[in-house]
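Peer 1: Residues per chain are reported as follows:
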Amino acid sequence: MLELSNIVVQYGMVKAVRNVSLTVGKGEIVALLGPNGAGKTTLVSAAVGILPVAAGNIRFDGADITKRPAESVVAMGLTLTPEGRRVFAELSVADNLTLGAATRKDRAGVAEDIDRYLKMFPILGERYHQVAKTLSGGEQQMLAVARSLMSRPKLLMLDEPSLGLAPRIVERIFELMIDLRKSGLTMLVVEQNATEALGIADRGYIMASGQVVYEGNAAEMVDSEDLMEAYLGAGVH
Amino acid sequence: MEYLIQQVVNALSVGSEYALLALGLAIVFSIIGLVNFAHGELITVAGYSIFFAAAIYLPSPWLALPIAVLGAMLAAILFERVAFRAIRNASTNTGILTAFGVSIVVQNAFVIFVATRPKPVATPEWLSSMLEVGTLQLPVLQIVETLVTVVAILALAVLLRRTTIGLAMRAAAKDFIAVRLMGIKANRVILAAFAISGFLAGLAAVFIISRRGAIDPFMGSVPVLKAFVACVLGGLGSLQGAVVGGIALGVLEVLLQAFLPREVTMFRDAIVFAAVAIVLVKFPEGLLGRKHELGDKEA
Numbered sequence: 001m002l003e004l005s006n007i008v009v010q011y012g013m014v015k016a017v018r019n020v021s022l023t024v025g026k027g028e029i030v031a032l033l034g035p036n037g038a039g040k041t042t043l044v045s046a047a048v049g050i051l052p053v054a055a056g057n058i059r060f061d062g063a064d065i066t067k068r069p070a071e072s073v074v075a076m077g078l079t080l081t082p083e084g085r086r087v088f089a090e091l092s093v094a095d096n097l098t099l100g101a102a103t104r105k106d107r108a109g110v111a112e113d114i115d116r117y118l119k120m121f122p123i124l125g126e127r128y129h130q131v132a133k134t135l136s137g138g139e140q141q142m143l144a145v146a147r148s149l150m151s152r153p154k155l156l157m158l159d160e161p162s163l164g165l166a167p168r169i170v171e172r173i174f175e176l177m178i179d180l181r182k183s184g185l186t187m188l189v190v191e192q193n194a195t196e197a198l199g200i201a202d203r204g205y206i207m208a209s210g211q212v213v214y215e216g217n218a219a220e221m222v223d224s225e226d227l228m229e230a231y232l233g234a235g236v237h
Numbered sequence: 001m002e003y004l005i006q007q008v009v010n011a012l013s014v015g016s017e018y019a020l021l022a023l024g025l026a027i028v029f030s031i032i033g034l035v036n037f038a039h040g041e042l043i044t045v046a047g048y049s050i051f052f053a054a055a056i057y058l059p060s061p062w063l064a065l066p067i068a069v070l071g072a073m074l075a076a077i078l079f080e081r082v083a084f085r086a087i088r089n090a091s092t093n094t095g096i097l098t099a100f101g102v103s104i105v106v107q108n109a110f111v112i113f114v115a116t117r118p119k120p121v122a123t124p125e126w127l128s129s130m131l132e133v134g135t136l137q138l139p140v141l142q143i144v145e146t147l148v149t150v151v152a153i154l155a156l157a158v159l160l161r162r163t164t165i166g167l168a169m170r171a172a173a174k175d176f177i178a179v180r181l182m183g184i185k186a187n188r189v190i191l192a193a194f195a196i197s198g199f200l201a202g203l204a205a206v207f208i209i210s211r212r213g214a215i216d217p218f219m220g221s222v223p224v225l226k227a228f229v230a231c232v233l234g235g236l237g238s239l240q241g242a243v244v245g246g247i248a249l250g251v252l253e254v255l256l257q258a259f260l261p262r263e264v265t266m267f268r269d270a271i272v273f274a275a276v277a278i279v280l281v282k283f284p285e286g287l288l289g290r291k292h293e294l295g296d297k298e299a
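Chains as they are written, first to last, in the UniProt record's numbering: chain B, 1 to 237; chain U, 1 to 299.
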């Protein structure tokens, strides 16, 4: 569904992503792992069209989207919930969700989706008219995900959805991803929380220093202690 | 007492004019971080739009009003499309220099193709008439200007709160990338900001032109400076700040003019700017300002 081939992304003279190829098949959850600074965020930002690629090719849903800007990629159904959540802090929960649906014309469908996500995330219903900056980190992450879902993506990329959240909330986020997969959503999850991510993923990629250093079946990766130690460091258990 | 009321009405109208202009500067600055010093030329273009329309065919002076507003809006959109879009991700300095460039080009276009000296322009006569309330004589222009400004600000507030493009503009002022991740086109948001700034400048232009009765190529220079000072005073990038700064500046100017001893009135602007400087020492980010980060505007 999403095919990144030989992607290079540069910041000035520095190649943050070097010759990376990665695919996500329909209905899959794919985990993209690796230490800080490995180029994971850069890669997904390039995939969604926020950063320009210096070389390589991006295909989504059969179309070449290499040169497309983010607004057009999102309209095609490939969306990113960015690192650090980036909810619209000064706007209400309601307005955040409305903006999430900005590409859609079907008002009735939008209202239905809002109802659905308020049921899925009851806390957002309670805080519906509050401005987003008054929400806790976990609540903001829920809002960021719900906001992304409002555009009815076919493939959702989540960049560090568990970053800085309490373990209980992290668990909730991963449960949510399982639920979303059941509803037919394809996902690419960038995580430092490797074990958790591989626990729900079908396949995994490990990036280090801008390159993919390993790819494989998620279940096998979790079981390979050597691999986890070698590429993901001591923080993994 | 009558003198006081007259001066208060006058002060509010001048404050309104600055508020309209400052709001236009602020809305563009809040979204793309550009201090559009060519904003004053929107007033000039509005003026010449009326002038050209009158030269061709203008059956009623009423029509001067929509023509001025439309002219300023189109000019704002054109400035964005031709000049500012290309340098959207460049540094602040590039933006300011480009804005001055646009300003110089527009001014000199009117010098070359029309004339340097002022041209009379007709606006509806009722705008220049007096309203008599008992023994009190109040210029219709000043009352209408204040009312129009209030309505325009309320309408803008509704737009920014109730419409998707308005919400997107508020969101883009804080995080442009996140807005683009919603599938909202950066160009559309920025164009909307320029169109609104043009609309507000067009409204202000109608009153500025009615007051002066004439237009010239450099008529936008002083108003844009006042608007800039108003923005800085209120807090650059804050829309509420622009309104508060504009009204504060206008009221201060008029009241100093009215109530200072005559020997001192020539120092009015110096006193105003000294006051602004003192405010900025106390509130370096402006009265209602605060620091904010801007997102990436790559289309």
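Derived by calculation from the structure, the hints in this document are not laboratory data.
In this text, all values refer to a predicted model and were calculated from it rather than measured experimentally.
Misleading hints may appear alongside valid ones.
Said to hold, decoys possible - Below, computed lysine-lysine pairings styled on DSBU-like, alpha-carbon distance capped at 30 Å: (1) K119(B) x K67(B); (2) K154(B) x K174(U); (3) K154(B) x K67(B); (4) K105(B) x K67(B); (5) K185(U) x K15(B); (6) K133(B) x K174(U); (7) K174(U) x K67(B); (8) K174(U) x K119(B); (9) K26(B) x K67(B); (10) K133(B) x K119(B); (11) K26(B) x K185(U); (12) K185(U) x K174(U); (13) K174(U) x K15(B); (14) K26(B) x K133(B); (15) K67(B) x K185(U); (16) K185(U) x K105(B); (17) K133(B) x K67(B); (18) K282(U) x K174(U); (19) K133(B) x K185(U); (20) K105(B) x K133(B); (21) K182(B) x K119(B); (22) K119(B) x K15(B); (23) K119(U) x K133(B); (24) K182(B) x K154(B); (25) K282(U) x K154(B); (26) K154(B) x K133(B); (27) K119(B) x K105(B); (28) K105(B) x K182(B); (29) K174(U) x K105(B); (30) K26(B) x K105(B); (31) K154(B) x K105(B); (32) K133(B) x K15(B).
Peer 1: So, for every hint listed, does it hold in this structure?
Peer 2: Status of each hint after checking the structure:
no.: 1; hint: K119(B) x K67(B); in the structure: violated (37 Å)
no.: 2; hint: K154(B) x K174(U); in the structure: holds (27 Å)
no.: 3; hint: K154(B) x K67(B); in the structure: holds (20 Å)
no.: 4; hint: K105(B) x K67(B); in the structure: holds (25 Å)
no.: 5; hint: K185(U) x K15(B); in the structure: holds (28 Å)
no.: 6; hint: K133(B) x K174(U); in the structure: holds (12 Å)
no.: 7; hint: K174(U) x K67(B); in the structure: holds (26 Å)
no.: 8; hint: K174(U) x K119(B); in the structure: holds (29 Å)
no.: 9; hint: K26(B) x K67(B); in the structure: holds (22 Å)
no.: 10; hint: K133(B) x K119(B); in the structure: holds (21 Å)
no.: 11; hint: K26(B) x K185(U); in the structure: holds (27 Å)
no.: 12; hint: K185(U) x K174(U); in the structure: holds (16 Å)
no.: 13; hint: K174(U) x K15(B); in the structure: holds (28 Å)
no.: 14; hint: K26(B) x K133(B); in the structure: violated (35 Å)
no.: 15; hint: K67(B) x K185(U); in the structure: holds (15 Å)
no.: 16; hint: K185(U) x K105(B); in the structure: holds (15 Å)
no.: 17; hint: K133(B) x K67(B); in the structure: violated (34 Å)
no.: 18; hint: K282(U) x K174(U); in the structure: holds (25 Å)
no.: 19; hint: K133(B) x K185(U); in the structure: holds (24 Å)
no.: 20; hint: K105(B) x K133(B); in the structure: holds (28 Å)
no.: 21; hint: K182(B) x K119(B); in the structure: holds (17 Å)
no.: 22; hint: K119(B) x K15(B); in the structure: violated (43 Å)
no.: 23; hint: K119(U) x K133(B); in the structure: violated (53 Å)
no.: 24; hint: K182(B) x K154(B); in the structure: holds (13 Å)
no.: 25; hint: K282(U) x K154(B); in the structure: violated (52 Å)
no.: 26; hint: K154(B) x K133(B); in the structure: holds (28 Å)
no.: 27; hint: K119(B) x K105(B); in the structure: holds (22 Å)
no.: 28; hint: K105(B) x K182(B); in the structure: holds (26 Å)
no.: 29; hint: K174(U) x K105(B); in the structure: holds (25 Å)
no.: 30; hint: K26(B) x K105(B); in the structure: holds (25 Å)
no.: 31; hint: K154(B) x K105(B); in the structure: holds (17 Å)
no.: 32; hint: K133(B) x K15(B); in the structure: violated (35 Å)
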